[in-house]
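Asker: Construct all of the structure, not just a fragment, from the sequences and the given hints.
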Amino acid sequence: MLSKKDQAIVDDMIVRERNMKNRQRVIGVIMHKRRLFKQRLVMYAAILTTAGFWVLYTSFARYGNLSVINIIQVNVLMTVILLFFNFYIWQKLVRYNPMQLFIKHYNNGLRVQYAGALLASKRWLQFYYHKREISRMIPQILYFLHTKPQFTSIDEVIAYIDKQNANPHIHQNDLRKFQKFVNQTNEMMLSTSDENGQPSSRQMRFIVLDDAPNIWYFGTAPDTPKIEELDRGLAAIHTMPTSEGMTIASSRLRVYRAQYKLDELADYYNAQVPGFMDSLSAEDREREIIYAIELKSARLDSWTQHEEVTFIND
Numbered sequence: 001m002l003s004k005k006d007q008a009i010v011d012d013m014i015v016r017e018r019n020m021k022n023r024q025r026v027i028g029v030i031m032h033k034r035r036l037f038k039q040r041l042v043m044y045a046a047i048l049t050t051a052g053f054w055v056l057y058t059s060f061a062r063y064g065n066l067s068v069i070n071i072i073q074v075n076v077l078m079t080v081i082l083l084f085f086n087f088y089i090w091q092k093l094v095r096y097n098p099m100q101l102f103i104k105h106y107n108n109g110l111r112v113q114y115a116g117a118l119l120a121s122k123r124w125l126q127f128y129y130h131k132r133e134i135s136r137m138i139p140q141i142l143y144f145l146h147t148k149p150q151f152t153s154i155d156e157v158i159a160y161i162d163k164q165n166a167n168p169h170i171h172q173n174d175l176r177k178f179q180k181f182v183n184q185t186n187e188m189m190l191s192t193s194d195e196n197g198q199p200s201s202r203q204m205r206f207i208v209l210d211d212a213p214n215i216w217y218f219g220t221a222p223d224t225p226k227i228e229e230l231d232r233g234l235a236a237i238h239t240m241p242t243s244e245g246m247t248i249a250s251s252r253l254r255v256y257r258a259q260y261k262l263d264e265l266a267d268y269y270n271a272q273v274p275g276f277m278d279s280l281s282a283e284d285r286e287r288e289i290i291y292a293i294e295l296k297s298a299r300l301d302s303w304t305q306h307e308e309v310t311f312i313n314d
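Mapping of the sequence shown onto our numbering: residues 1 to 314, in sequence order.
Calculated from the structure, these hints are not laboratory results. Check the hints yourself; a few may be wrong.
[Claimed, not checked] Computed cross-link-like contacts, EDC-like style, restricted to lysine to aspartate or glutamate with a CA-CA straight-line distance of at most 16 angstroms:
1. K122 - D301
2. K131 - E308
3. K296 - E307
4. K33 - E244
5. K4 - D155
6. K261 - E288
[Said to hold, decoys possible] Label-pair distances were calculated between CB atoms; the ranges are:
7. L41 - D263: 43 to 49 angstroms
8. Q73 - R205: 55 to 61 angstroms
9. R123 - F276: 34 to 40 angstroms
Since the model is a prediction, treat every value here as computed from it, not as a measurement. Backbone N, C-alpha and C fix where the C-beta goes; we use that ideal spot for every residue, glycine too.
Answerer: Laid out in structure tokens, this is it:
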């Protein structure tokens, strides 16, 4: 039998799951409309292009002594070939401008249209219990409390789940999810504070090396005010949202000066932040100080998921 305090928390969990189901439904509608718009855009572009090519073709076509039926057959065959060819070509071109501009404009409209529903459920994405974020566990907690009467408190269920999740394969799955997020961004808001506790934020580009996705590197000139703040080793980060709403946020991290020169990381910068190295003179590259951000844990958010990934247990 749950205590009144635990039962109140369970009731909140049930409300949270109801909101999450509604959020998933709204997101499903958004994703369906996005796919449908993209398909229609390709189809309309293919039809218009086919019509243009067909007019051009008929203006130069010479049928000789072909009968009317044969001329119709040739024209239908050419139309079908042109349509399939153009459909294939536009499926490739839809990844680039100007098609991407149409898609981006439509996606922005969808986000505005469904912003109310998504924002209403956003407050339920995180769920804290004794200062621990347990949103990922909630479906399991409710299931075990409903099906296993031997559990008489939330603490007992969480301890049981933790024991079950002490599995290296689960950790590897978390790393793969995190890598997916990292691969889609290289821009973050880095927040620090001065000696008086006055906070400040700045937009920064970062790179990730091959062997450690939870360690991010960025450079800064040695004469900037943020050097003193960075050397305190405390900060918080939040990446810029991607088109899928993916973000990474963390305040459990460590900032320190890395043992790298900027030129040693040139290949990574050229691959992950094109143009960055070209914007700096040889003197600037030599003076640049490289910092590392080592994430102990991170919160992964998108339209469809909310995850907490832990890399280092304090």
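Asker: If a hint holds in the structure, say so; if it does not, say that too.
Answerer: Comparing the hints with the structure gives:
1. K122 - D301: Status holds; Cα separation ~10 angstroms.
2. K131 - E308: It holds: about 13 angstroms lies between the C-alpha atoms, which stays within 16 angstroms.
3. K296 - E307: Holds, because 14 angstroms separates the two Cα atoms, which is no more than 16 angstroms.
4. K33 - E244: Answer holds: K33 to E244 is near 14 angstroms, not above 16 angstroms.
5. K4 - D155: Judged against 16 angstroms, a Cα distance of about 14 angstroms means the pair holds.
6. K261 - E288: Given that 16 angstroms is the threshold and the Cα spacing comes to 7 angstroms, the pair holds.
7. L41 - D263: 43 to 49 angstroms: holds, 44 angstroms
8. Q73 - R205: 55 to 61 angstroms: holds, 59 angstroms
9. R123 - F276: 34 to 40 angstroms: Once the Cβ atoms are compared, 37 angstroms apart, the range 34 to 40 angstroms for F276 and R123 holds.
Of the numbered hints listed earlier, not one is contradicted by the structure.
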